[in-house]
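Asks: These are the residues of each chain, in order.
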Amino acid sequence: MDERLKKEWESCVKCGLCRSVCPVFRELRQEPFVARGHISLLSDFIKGNFDFDSEKSKDYLYKCLLCTTCVEACPNDSGTDIIVELARRRIVELHGLALYKKVMAKILLNRNLMDLSALSANVLSLFLFNKNVNTSRQSASLRIKLPFFDKDRLIPPLAPKTFYNKYKSYGENPRISIFPGCLINYTYVKIGDAFINILHKLNIGYIVEKKASCCGAPIYFSGNFDDARILAKRNIDLFYDQSIDYLVVLEPTCASMMKFDYSKLFMYFDDEEYVQKALKLAEKIIDPVKYLYDNTNIEEKLKDTGLTVTYHDPCHLKRTQKVKNEPRDLIKRAAHFTEMKEADRCCGNGGTFSIDYRDLSLKIASRKIDNILNTKAQVLVTGCSACIMQLSEALHIAGHDEVKTLHTLELINQSLKGG
Amino acid sequence: MKFDYLKDLLKERFLDEKIDRLQYAYDATQKIYLPDCVVLPKTTQEVSRILSFANQNKVPVVAKGCASGFSGGALNVAGGIALSMELMNNILEIDLDNLIATVEPGVVNYDLQLALKPHGLFFPPDPSSWKFSSIGGNIAENAGGPKAVKYGVTKDWVLGLEVVLADGSIINVGSKNVKDVAGYNLAQLFIGSEGTLCVITKALLKLHPLAQASQTMQATFNDMELAAKTVSDIIKNKIIPSSLEFVDHQAILTVENSMKAGLPTDADAILIIEVEGSVFQIKEDLEKIEQICIKNGARVKIAHSIEEEESIWLARRSISPTLKRIADGKLNEDIVVPRSKIAEMIKKTQEIAKKYSVMIVNFGHAGDGNIHTNIMYNTKDKDEEEMAFKAMDEVFNECLKLGGSISGEHGIGITKQDYLERQVGKRTVELYKQIKLTFDPNNILNPHKMKL
Numbered sequence: 000m001d002e003r004l005k006k007e008w009e010s011c012v013k014c015g016l017c018r019s020v021c022p023v024f025r026e027l028r029q030e031p032f033v034a035r036g037h038i039s040l041l042s043d044f045i046k047g048n049f050d051f052d053s054e055k056s057k058d059y060l061y062k063c064l065l066c067t068t069c070v071e072a073c074p075n076d077s078g079t080d081i082i083v084e085l086a087r088r089r090i091v092e093l094h095g096l097a098l099y100k101k102v103m104a105k106i107l108l109n110r111n112l113m114d115l116s117a118l119s120a121n122v123l124s125l126f127l128f129n130k131n132v133n134t135s136r137q138s139a140s141l142r143i144k145l146p147f148f149d150k151d152r153l154i155p156p157l158a159p160k161t162f163y164n165k166y167k168s169y170g171e172n173p174r175i176s177i178f179p180g181c182l183i184n185y186t187y188v189k190i191g192d193a194f195i196n197i198l199h200k201l202n203i204g205y206i207v208e209k210k211a212s213c214c215g216a217p218i219y220f221s222g223n224f225d226d227a228r229i230l231a232k233r234n235i236d237l238f239y240d241q242s243i244d245y246l247v248v249l250e251p252t253c254a255s256m257m258k259f260d261y262s263k264l265f266m267y268f269d270d271e272e273y274v275q276k277a278l279k280l281a282e283k284i285i286d287p288v289k290y291l292y293d294n295t296n297i298e299e300k301l302k303d304t305g306l307t308v309t310y311h312d313p314c315h316l317k318r319t320q321k322v323k324n325e326p327r328d329l330i331k332r333a334a335h336f337t338e339m340k341e342a343d344r345c346c347g348n349g350g351t352f353s354i355d356y357r358d359l360s361l362k363i364a365s366r367k368i369d370n371i372l373n374t375k376a377q378v379l380v381t382g383c384s385a386c387i388m389q390l391s392e393a394l395h396i397a398g399h400d401e402v403k404t405l406h407t408l409e410l411i412n413q414s415l416k417g418g
Numbered sequence: 000m001k002f003d004y005l006k007d008l009l010k011e012r013f014l015d016e017k018i019d020r021l022q023y024a025y026d027a028t029q030k031i032y033l034p035d036c037v038v039l040p041k042t043t044q045e046v047s048r049i050l051s052f053a054n055q056n057k058v059p060v061v062a063k064g065c066a067s068g069f070s071g072g073a074l075n076v077a078g079g080i081a082l083s084m085e086l087m088n089n090i091l092e093i094d095l096d097n098l099i100a101t102v103e104p105g106v107v108n109y110d111l112q113l114a115l116k117p118h119g120l121f122f123p124p125d126p127s128s129w130k131f132s133s134i135g136g137n138i139a140e141n142a143g144g145p146k147a148v149k150y151g152v153t154k155d156w157v158l159g160l161e162v163v164l165a166d167g168s169i170i171n172v173g174s175k176n177v178k179d180v181a182g183y184n185l186a187q188l189f190i191g192s193e194g195t196l197c198v199i200t201k202a203l204l205k206l207h208p209l210a211q212a213s214q215t216m217q218a219t220f221n222d223m224e225l226a227a228k229t230v231s232d233i234i235k236n237k238i239i240p241s242s243l244e245f246v247d248h249q250a251i252l253t254v255e256n257s258m259k260a261g262l263p264t265d266a267d268a269i270l271i272i273e274v275e276g277s278v279f280q281i282k283e284d285l286e287k288i289e290q291i292c293i294k295n296g297a298r299v300k301i302a303h304s305i306e307e308e309e310s311i312w313l314a315r316r317s318i319s320p321t322l323k324r325i326a327d328g329k330l331n332e333d334i335v336v337p338r339s340k341i342a343e344m345i346k347k348t349q350e351i352a353k354k355y356s357v358m359i360v361n362f363g364h365a366g367d368g369n370i371h372t373n374i375m376y377n378t379k380d381k382d383e384e385e386m387a388f389k390a391m392d393e394v395f396n397e398c399l400k401l402g403g404s405i406s407g408e409h410g411i412g413i414t415k416q417d418y419l420e421r422q423v424g425k426r427t428v429e430l431y432k433q434i435k436l437t438f439d440p441n442n443i444l445n446p447h448k449m450k451l
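Residue numbers (numbering that gives the first Met the number 0), protein chains in the order written: chain Z, 0 to 418; chain P, 0 to 451.
No false leads were mixed into what you were given.
Covered stretches of chain P, as calculated for chain Z (at least 3 residues, CB under 8 Å):
hint: 1; segment: 13 to 26
hint: 2; segment: 64 to 78
hint: 3; segment: 84 to 91
hint: 4; segment: 123 to 133
Result set (DSS-like, lysine-lysine): computed pairs, CA atoms no more than 27 Å apart in a straight line:
hint: 5; chain 1: Z; residue 1: Lys55; chain 2: P; residue 2: Lys17
hint: 6; chain 1: Z; residue 1: Lys340; chain 2: Z; residue 2: Lys403
hint: 7; chain 1: P; residue 1: Lys17; chain 2: P; residue 2: Lys1
hint: 8; chain 1: P; residue 1: Lys425; chain 2: P; residue 2: Lys450
hint: 9; chain 1: Z; residue 1: Lys5; chain 2: P; residue 2: Lys379
hint: 10; chain 1: P; residue 1: Lys329; chain 2: Z; residue 2: Lys13
hint: 11; chain 1: P; residue 1: Lys381; chain 2: Z; residue 2: Lys46
hint: 12; chain 1: P; residue 1: Lys30; chain 2: Z; residue 2: Lys46
hint: 13; chain 1: P; residue 1: Lys154; chain 2: P; residue 2: Lys237
hint: 14; chain 1: Z; residue 1: Lys62; chain 2: P; residue 2: Lys41
hint: 15; chain 1: Z; residue 1: Lys13; chain 2: P; residue 2: Lys450
hint: 16; chain 1: Z; residue 1: Lys105; chain 2: Z; residue 2: Lys263
hint: 17; chain 1: P; residue 1: Lys17; chain 2: Z; residue 2: Lys5
hint: 18; chain 1: Z; residue 1: Lys263; chain 2: P; residue 2: Lys259
hint: 19; chain 1: P; residue 1: Lys10; chain 2: Z; residue 2: Lys62
hint: 20; chain 1: P; residue 1: Lys287; chain 2: P; residue 2: Lys235
hint: 21; chain 1: Z; residue 1: Lys57; chain 2: P; residue 2: Lys6
The set of hints was computed from the structure by calculation and includes no laboratory data.
All C-beta atoms, glycine included, are put in the ideal place defined by N, C-alpha and C.
Next up, chain P with everything else stripped away, as it sits in the complex (with noise of 0.2 Å):
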């Protein structure tokens, strides 16, 4: 049989009846894709004996994670090895002297969050799915999350990979060492290049201090413009909080008709604030952006308990899962526009919307200008399905008009791949199609992704 040696080599680790091969079928996109067969390694050398096995056969191989993804970049849509990377899971090495954590690919963010807290550490990348979703995932993806706006994405925390190329051979690229810049950044390319290059089996991650304190806010705006005009006052202020998230009233309505929060449902746009830093300074910021807020008519609430501070990103986080009690089909969309744009862009959906009689959705990390844009139609209406997708085509027309990019966080994958070149360029495609044949000359990483 075709997969024997994978069989022998891993035993029960080896999963080929159809209960199975359709429990790793799918991922957050909902599509599904059958694997020809699973395998679950414990070991970096047992992937590398997969990737040579697969690579001699010419296989395709999807690594995957905790399919948490948007952009269906853990489908196996041409069939081959589904690679989960569940079982390397093991948090290898927590350097308190160089504050760099060592982990597998399988640790769930959230996991290596609870780990760090006893050492006063945290790693900043926190994706809205950080309680379900894997390092390795979010390294593959190249993730974002709330935080962002202060601290930036995965790739400014990842410091050194393990990866294990298409033909089996292991490669180190980066290290601990904060300054190295011998040969190509590689880690930096293999950072999110969505499973297309290699398979990572090992990530060196930089930590940073716990904030001494933190605390959340709320403000309610009735124009959704003075929302996006208190986003740029506070970042012209110099104040850079460490989430900056907005909700609009579609969305408040949606969540808070599943989670009954107790959302303000009249509101047009609600800004979600966190600040970090000493006592002294938090209260400081929080004062300056309460005035900001104030002063663009917004009504303020701030959190003064866990319970209340966990309830306002609860329904923040639950959003995107809430959207399916509107339409049972979404385009899930993440553009990204320069900060000082976003009034513009929301306002641009809003027309769209109009122009096509689509609803859409709109929250996101304000703060960093990622706005989750999300089309929601009826399956079962197939002219309301292509109205969506003409408006979703016009979206990123208007965002890459406003010198803005296609995907915040989530990737190409699939769900993107038809626009990616209206963004680059013709030319960086062919580049890419170079560099994925020199990494992976037999196409078997991950194929039919971003155009490879």
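Extracted from the complex, chain Z is given alone in its bound form (with noise of 0.2 Å):
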């Protein structure tokens, strides 16, 4: 393995400063729920003094949101995400892979079964799916029990038509690519017509790559380090030489997973002829508020909304992609700005945590709407739709249904619209 690598859990001084801010050690309270926990056991491994053999490997490894926080606090940066990652990886070697996660990798390394799976799933909604849709969370409940998920969970239906179906490449010689991501392109597309509708506003063309596969986080957070490579060997080998000034990644995750895990995946491997054009692609890849923010004058056609926003800092667009305040400058030209306490705190969601440990990630999420409620906002604002996915959810159980959700990009739309 690559000596980059080794940096990650070797940096660790065993000080407990992480047990401050892992928002999972603060509903469970015990070490093996909390980065040094992970990072001990993880160096243990690697010296050959433990294997991850026990059952409840499982539960302590999974039970980790990779939100990153403890990462952002660490004093000396250990790298907790890839050292729980890696631990996933001989997890899944002794143990497998749950059948749900071993489906998915099936169904994400193959962009045709997945649009497949999409239109089948699309046609079953109707029997699939209670009636009674919450219109002001465009979900509904599931009227039958499936597998994994529980049969009172809020679910988005998937949209009539997908990103890649709707949208081509657009304009002169576009400068941008757009990477929508797999939620956006199969369920909430409205977040991505909001993008594609701020660009003609601004008359920037743009390059739909249809032929993009999954960006591979759902896997490779799983411990699947296989089928995650193929699936970023094939995004970087369409992405790498195309003529473009930036990548733009509709996704906070994916994004974050492109720019900044691909390259240590790769040195997982050492591959590091990929690692380096992994590095290189990491460049382009920008967040599409960022991108909106640095490169157009936005800012000077907003017109107030009028609406009152709050907003949630997604995990991987604050600490990984280090966006923080460009979303926020843009929102209070668009509507009045309420700042929320704990602010940047995971929404809970995580991913396959949210499936596997429902309890749980609604538990985090509520300590999140009590910060929401507190602002008096009659709108959240936030940049990924995991979040906007969980936190509607949590605002609905809460009995909330009148604080609506929005992604930042549909607020901006709105705003233009105004004017």
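Two chains, two separate frames, one set of hints: put the complex together.
Replies: The structure is reproduced here in structure tokens:
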């Protein structure tokens, strides 16, 4: 394994500071659920003193949101996220993957299969979902018990037409390429619509590369490095030679995966050629809001929508991509902004975490809900569709359907429309 | 099986798989000693049963809070039971009539502060680990912190304790009374006893009203001696800041490298000074301190927002963990000398560093004479390691010559036990042993710490 990765666990001095910031530890209060504990296990594993053969290792290592709050707080920059992922890789080797994660990997590896699954799910949704679709949340509860989802879980229905089906490249000599991410491609197409509308209003051309694969994050985060590597390679090959200034990745988690985790993944496989390619491509990867903020005069075109809003920092936007002030600056021009307490505390979604540990996930979300409600905002704005899915459900459970959720791009689009 | 009784008693709160034992095997010394099992009691009764079982079977028991100690107090050096107090983490009462909080030992210091704040109160002991260390651990190690210069250390803020003795009996020592002279002052004996005499299960803590206002300033010096003189001058002028911290050149470089907090990397030393009191009082104090600093050649920066203040303190609190960037080995000492001797002591450490060709990083609580002397070395270089230990030996000697102590707040544990007798004398160490035998005849409580 690449020497560069070793620093990630060798730099831990066991001070315990991560205990004061971890959202999971805040609920469970035991060493196995905090970065210091995870790092100690992985170091012992690398030294050959320990193996993740215990059944408990799954519980201990999968109960991590990969929110990187500990990475941000660590004075020594220990990379707990990669440590957890490496431990999970070993767990997968020893215990195998959960069935649904295996199926997920198969589907995500194949775009056609994905489209087909989405299409059939769309048709099936007539009988899968209850009729009482929650229009304010654009989601519905399940009618029957599915293997991996709780029945009362609110799930946003799949869009009738995917992002890739809806849009193609536009403009002469476009300088940006758009990577929507699966959640926006299949479900929250309206967020993609908002970005496309903004680009048209600003007269900016773009490329929609329909051959793009899933970024691989859900697979990689599960500890399935081999399949994640296939997807990473495919995407790098696809975008590496594209003559663009930016690859605008709409989902922060996908962006974070492609910008920071791809290189580490190839470091793990000692694949130096792709480490370098990943690092090079990383320079072009950008969040859409940051792209607009840095490269256009959008702030001059925003009109007050009259809404009172608060903002939640998505983990993979604020902590990994360091995008924190840009959305706030734009939101302040589009609405009345009130900052919530602990705006950057993880919403508790964590991808498959919210499926595997739903109660814990909702408990973490409920702390967030209190902070949101205290601001008296009408709208919760955030820059990540997974956060929107999680927090809109938590708001619904708390009986606060009156608080709406919007993606930053949707608010910007509305604000431009008003002008 | 050996621990069946504990398993039946605690069910899923009894852990003996390797994956669990490994995670209760270390503390901030980074040394690793595997316990045979881990228990997580929720009540004093359970602690009592665990201890009486251990006493009958002569199994070592090491009580631990959040495992953030620097002297190895929470390590199971002889195996046995790791007794994690973390699930006993309730704040039982905040008595506003008497300004006393009753807490379980697993309460994190900072969580208590958050609970007290709305009442306009705080608990003054504030070790740098306050956001993640437990009150139980703070008491067992008699922790100090930046505010010690004004408010003293943990022992000054504990009125009473409920403890479980080695045989399982539960006793209460001290009380809610401010004045209470009945019998020996056992509470004070237990504070700082590092888990060798009893297990703390409840604590009565004195609280203090929050100051109306506070302000922090940073004074930058080109000469360490002038910084040390400034400390003496401030105290001589009868101003007691709520914190008076110093950071030496090497520590500034290290933390700046890691945090990019905008510290002056050309400086020889920084003083961080916080004053508390009425708005009027702090203005007056700050002006006086500023004059003293300027007279001693310092550049002064006063924090005017909470963010500025927090960034100054974050940098200070991050020094210790970031030292790893210099070298992977460190002898993390917390010597203390009378505050008038600080400049002399720092100078000695610099001479010692030169003599043994090791790097020594100094920072700490100038206001109370407590200096964190960190001797850095490469663990893979045996010669360098030997030199580091020789340097430490000499640092202790010089410190004792100046009338100091080998530990101001970390405790003795395993890391400093070989030097304890040098400070307190042979007869006193004998007394310690007799006291230990009285409380714990089978030596099950945290054995092999403090040479016991």
